Amino acid sequence: MTTTRTTTRTDPMSQTAGETTERTTERTAPASDTPPDAERLRRWRMVLGADSADSTERTLTGQDAAMDGALDALYGGGAGKKPNGRGTGGRSAGLGASAPSVARWLGDIRTYFPSSVVQVMQRDAIDRLGLSALLLEPEMLEAVEPDVHLVGTLLSLNKAMPETTKETARAVVRKVVEDLERRLESRTRATLTGALDRSARISRPRHRDIDWDRTIRANLKNYLTLPAPDAATTAGETGATPTGTVVPERLIGYGRSSRSAKKDIVLCVDQSGSMAASVVYASVFGAVLASMRTLSTRLVVFDTAVVDLTDQLDDPVDVLFGTQLGGGTDINRALAYCQSRITRPADTVVVLISDLYEGGIRDEMLKRVAAMKASGVQFVTLLALSDEGAPAYDHEHAAALGALGAPAFACTPDLFPDVMAAAIEKRPLPIPDKEYQP
Numbered sequence: 224m225t226t227t228r229t230t231t232r233t234d235p236m237s238q239t240a241g242e243t244t245e246r247t248t249e250r251t252a253p254a255s256d257t258p259p260d261a262e263r264l265r266r267w268r269m270v271l272g273a274d275s276a277d278s279t280e281r282t283l284t285g286q287d288a289a290m291d292g293a294l295d296a297l298y299g300g301g302a303g304k305k306p307n308g309r310g311t312g313g314r315s316a317g318l319g320a321s322a323p324s325v326a327r328w329l330g331d332i333r334t335y336f337p338s339s340v341v342q343v344m345q346r347d348a349i350d351r352l353g354l355s356a357l358l359l360e361p362e363m364l365e366a367v368e369p370d371v372h373l374v375g376t377l378l379s380l381n382k383a384m385p386e387t388t389k390e391t392a393r394a395v396v397r398k399v400v401e402d403l404e405r406r407l408e409s410r411t412r413a414t415l416t417g418a419l420d421r422s423a424r425i426s427r428p429r430h431r432d433i434d435w436d437r438t439i440r441a442n443l444k445n446y447l448t449l450p451a452p453d454a455a456t457t458a459g460e461t462g463a464t465p466t467g468t469v470v471p472e473r474l475i476g477y478g479r480s481s482r483s484a485k486k487d488i489v490l491c492v493d494q495s496g497s498m499a500a501s502v503v504y505a506s507v508f509g510a511v512l513a514s515m516r517t518l519s520t521r522l523v524v525f526d527t528a529v530v531d532l533t534d535q536l537d538d539p540v541d542v543l544f545g546t547q548l549g550g551g552t553d554i555n556r557a558l559a560y561c562q563s564r565i566t567r568p569a570d571t572v573v574v575l576i577s578d579l580y581e582g583g584i585r586d587e588m589l590k591r592v593a594a595m596k597a598s599g600v601q602f603v604t605l606l607a608l609s610d611e612g613a614p615a616y617d618h619e620h621a622a623a624l625g626a627l628g629a630p631a632f633a634c635t636p637d638l639f640p641d642v643m644a645a646a647i648e649k650r651p652l653p654i655p656d657k658e659y660q661p
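Numbering (my numbering), first residue to last: 224 to 661.
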């Protein structure tokens with residue numbers, strides 16, 4: 224019988240208390256062949272790692288030893304050892320400066336662990352062992368598991384990337400972007416199309432333009448019971464059902480179709496180093512929004528300079544390689560540019576995606592937000608657009624924006640369509656968790 228088990232190993236150098244790296248493997252030996260005490264020791268040995276597991280007196284063999292070697296090369300004492308340098312007889316990946324060794328280790332972890340765990344281990348390897356420079360080599364890029372965080376790392380290395388590597392890097396980025404588009408596009412389109420249709424409803428429609436379903440629902444409070452028929456009409460009848468009518472005091476009509484955009488969307492995205500994942504998701508959403516005929520979408524990225532990438536929105540990969548992660552932050556300057564491009568304030572939604580660590584003029588930034596809101600602009604502040612938890616952000620600036628009626632909160636990609644729909648319909652924003660508010 225084949226059984227599946229999950230064990231964990233805590234990395235004391237890069238994880239906080241309670242955080243673990245998960246790994247899953249299959250044990251092909253029949254469960255009855257391993258005594259309970261020996262199996263318990265085996266599990267503890269896998270959890271503790273070589274440096275802390277001497278008391279188990281358990282030697283790993285086969286796939287267990289290979290898995291343990293791959294983990295120990297990253298999290299344990301094996302990080303500086305040469306290949307096959309482990310005393311347990313297991314095979315260590317030996318993460319040295321050699322690209323082939325690292326590529327071999329990347330292949331090992333993809334063999335032994337599920338994709339979600341591989342992505343975590345790759346991020347840890349880049350952060351802990353300084354492997355960013357090795358990502359500039361095509362062989363390395365071909366071995367990695369693509370994900371949003373890897374794309375962020377590649378974008379930060381964009382300017383240093385040799386020509387021989389750029390095409391491979393673009394292929395990696397394109398794979399991640401296409402996966403995100405498949406996951407996010409259909410729901411974004413459906414949610415925003417419904418919001419645009421509802422926002423286009425008219426209150427004084429012609430007879431042929433009346434939306435009878437919504438009109439009846441809106442006037443149910445005006446239901447009137449009709450008087451009972453006279454006795455002559457009901458002679459011989461018993462149990463007559465009372466009748467009534469809905470008085471349509473308020474008519475709701477379908478908005479007339481138009482070739483022009485119903486709403487203008489401005490995505491203003493902070494491209495400082497801490498916002499890498501947000502830049503990736505914002506670029507994908509920008510491309511999706513730009514493909515909707517009823518929306519006019521502008522994408523602006525900024526650090527201390529402001530770059531308008533609207534002309535590249537048909538290809539989010541081009542957008543991403545047009546960004547330059549890192550550097551300072553001048554939110555005021557970016558908002559000044561966005562404000563200068565607004566022509567229909569009442570039909571405009573501005574989405575600022577930033578951790579709000581302002582390097583420009585704070586008071587001017589707040590004045591610009593207040594002025595845009597006073598003119599009718601719907602202003603949304605996202606501290607992050609990513610799958611991570613509560614981000615680090617400037618609490619004072621977030622509180623100031625909240626006081627202006629632009630509450631700042633973190634947003635996951637799955638929630639973003641609902642946030643945009645609420646902004647388009649001028650409804651209260653669906654803030655996911657109060658802890659993200661200042």
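It is possible that some hints are incorrect.
Derived CB-CB ranges, DEER-like [stated by the list, open to error]:
1) Lys596 x Lys444: 30 to 40 angstroms
2) Ser339 x Tyr560: 31 to 41 angstroms
3) Ala559 x Arg473: 40 to 50 angstroms
Think about it this way: if two alpha-carbon atoms lie no more than 30 angstroms apart in a straight line, the pair counts; the simulated DSSO-like pairs of lysine-lysine are [unchecked claim]:
4) Lys649 x Lys485
5) Lys389 x Lys485
6) Lys382 x Lys398
7) Lys485 x Lys382
8) Lys590 x Lys485
9) Lys649 x Lys596
10) Lys649 x Lys444
If you're looking for bench data, these hints aren't it; they were derived computationally from the structure. As the structure is a computational prediction, the values presented were derived from the model and not from experiment. For every residue, glycine included, the Cβ atom is placed at its ideal position computed from N, Cα and C.
Results for each hint:
1. Lys596 x Lys444: 30 to 40 angstroms: For Lys444 against Lys596, whose Cβ atoms are near 33 angstroms apart, the range 30 to 40 angstroms holds.
2. Ser339 x Tyr560: 31 to 41 angstroms: For Ser339 and Tyr560 the Cβ distance comes to about 39 angstroms; the hint holds.
3. Ala559 x Arg473: 40 to 50 angstroms: Since Ala559 and Arg473 have Cβ atoms about 42 angstroms apart, the given range 40 to 50 angstroms holds.
4. Lys649 x Lys485: Given that 30 angstroms is the threshold and the Cα spacing comes to 14 angstroms, the pair holds.
5. Lys389 x Lys485: violated (39 angstroms)
6. Lys382 x Lys398: holds (21 angstroms)
7. Lys485 x Lys382: violated (38 angstroms)
8. Lys590 x Lys485: Given pair Lys590, Lys485 holds - Cα atoms ~27 angstroms apart, limit 30 angstroms.
9. Lys649 x Lys596: Measuring from Cα to Cα gives roughly 12 angstroms; hence the hint holds.
10. Lys649 x Lys444: Holds. Lys649 to Lys444 sits at ~24 angstroms (cutoff 30 angstroms).
The structure fails hints 5 and 7 (numbered hints given earlier, in ascending order).
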